[in-house]
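Peer 1: Now for the letters of each chain:
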Amino acid sequence: MKGTNMKKTVIALPLAAIVLSACVTINIYFPAAAAEKAADKIIEEVWQTQQAGKPVEEQK
Amino acid sequence: MMKNIVRTWLAALMLAVTLNAWAVDLEVNTPGINAIKQSMQARHAQLAPHYASGAVGLTADGLVAMRDAGAVSLAQRQAVIALVAAENRDRGALYAEIANANGHPEWLAEIRGTFAQRWIQRAQPGWWVQSGGNWTRK
Chain L
0 MKGTNMKKTV
10 IALPLAAIVL
20 SACVTINIYF
30 PAAAAEKAAD
40 KIIEEVWQTQ
50 QAGKPVEEQK
Chain B
0 MMKNIVRTWL
10 AALMLAVTLN
20 AWAVDLEVNT
30 PGINAIKQSM
40 QARHAQLAPH
50 YASGAVGLTA
60 DGLVAMRDAG
70 AVSLAQRQAV
80 IALVAAENRD
90 RGALYAEIAN
100 ANGHPEWLAE
110 IRGTFAQRWI
120 QRAQPGWWVQ
130 SGGNWTRK
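Top line first, the protein sequences correspond to chains L and B. Numbering that gives the first Met the number 0 applies: residue 0 is where the first sequence begins, and numbers increase by one. Numbering that gives the first Met the number 0 applies: residue 0 is where the second sequence begins, and numbers increase by one.
Worth flagging that the hints you see were computed from the coordinates, not collected in a lab. Heads up, some of the hints might be wrong.
Unchecked claim - Label pairs and their calculated CB-CB ranges: (1) B:Trp8 x L:Glu35: 29 to 35 Å; (2) L:Thr8 x B:Gly132: 54 to 60 Å; (3) B:His43 x L:Ala31: 21 to 27 Å.
Stated by the list, open to error - These stretches of chain L come out as covered by chain B in the derived footprint (C-beta under 8 Å, 3 or more residues): (4) 9-17; (5) 31-37.
Nothing here was measured: the structure is a model prediction, and the numbers come from that model. Just so you know, even glycine gets a beta-carbon here, dropped at the ideal spot from N, CA and C.
Excised from the complex, chain L in its bound form (with noise of 0.2 Å):
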């Protein structure tokens, strides 16, 4: 019996630990891709540069 519980403890903690570190990386770092599309978004709607769904993304 006592056996089953540290079993069942060595699975639990990683687990605990690993969504733990999930959440934590979710609030810590910056999403810089996000925070591209995010702007390209804004972006096209502030300049009007979208054309019929296809953004201009290259244009030099």
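Starting from the known structure of chain L, arrange chain B on it as the hints suggest.
Peer 2: Below, chain B without anything else, positioned relative to chain L:
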């Protein structure tokens, strides 16, 4: 037993990856952000000719600035200065709103930096943009 542990670990790993994937979109659809966007969109029609003439340029810190006052007639100059000031107020508010809407006011500088890069990258040919402290024409 070993198999079970490995399976559990794999499941946990997948869960972690999924949780991370959820975080990949920034919230930019709030009433505050939309209002600022509309205001900037309306102003853009007035600003665009000044970007083209070089009177106003895009700065490296995500704002706009009077670059060449000589490109604007004396009569128009005050109006352009006011346009630039209003645009910068909106841009500052936009970056702060995005940071706040995502529950991370401390992201403000990074959001501003991201926008600065994207405004400049997407600027039309002929517009003036700031890079490394100097103005260059796209």
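Peer 1: It remains to establish, for every hint, whether it holds in the given structure.
Peer 2: Hint check results:
1. The hint said 29 to 35 Å for the Cβ distance between Trp8 (chain B) and Glu35 (chain L), and at roughly 33 Å that hint holds.
2. Separated by about 58 Å at the C-beta atoms, Thr8 (chain L) and Gly132 (chain B) satisfy the suggested range of 54 to 60 Å.
3. Evaluation of the 21 to 27 Å hint for His43 (chain B) and Ala31 (chain L) yields a pass: the beta carbon distance comes to about 26 Å.
4. Residues of the stretch 9-17 of chain L lying with their CB closer than 8 Å to a CB of chain B number 5, which satisfies the three-residue condition for coverage.
5. Coverage of the stretch 31-37 of chain L by chain B holds. Counting CB-CB distances below 8 Å, 7 residues qualify, and the rule asks for three or more.
In the structure shown, no violation is registered for any of the earlier numbered hints.
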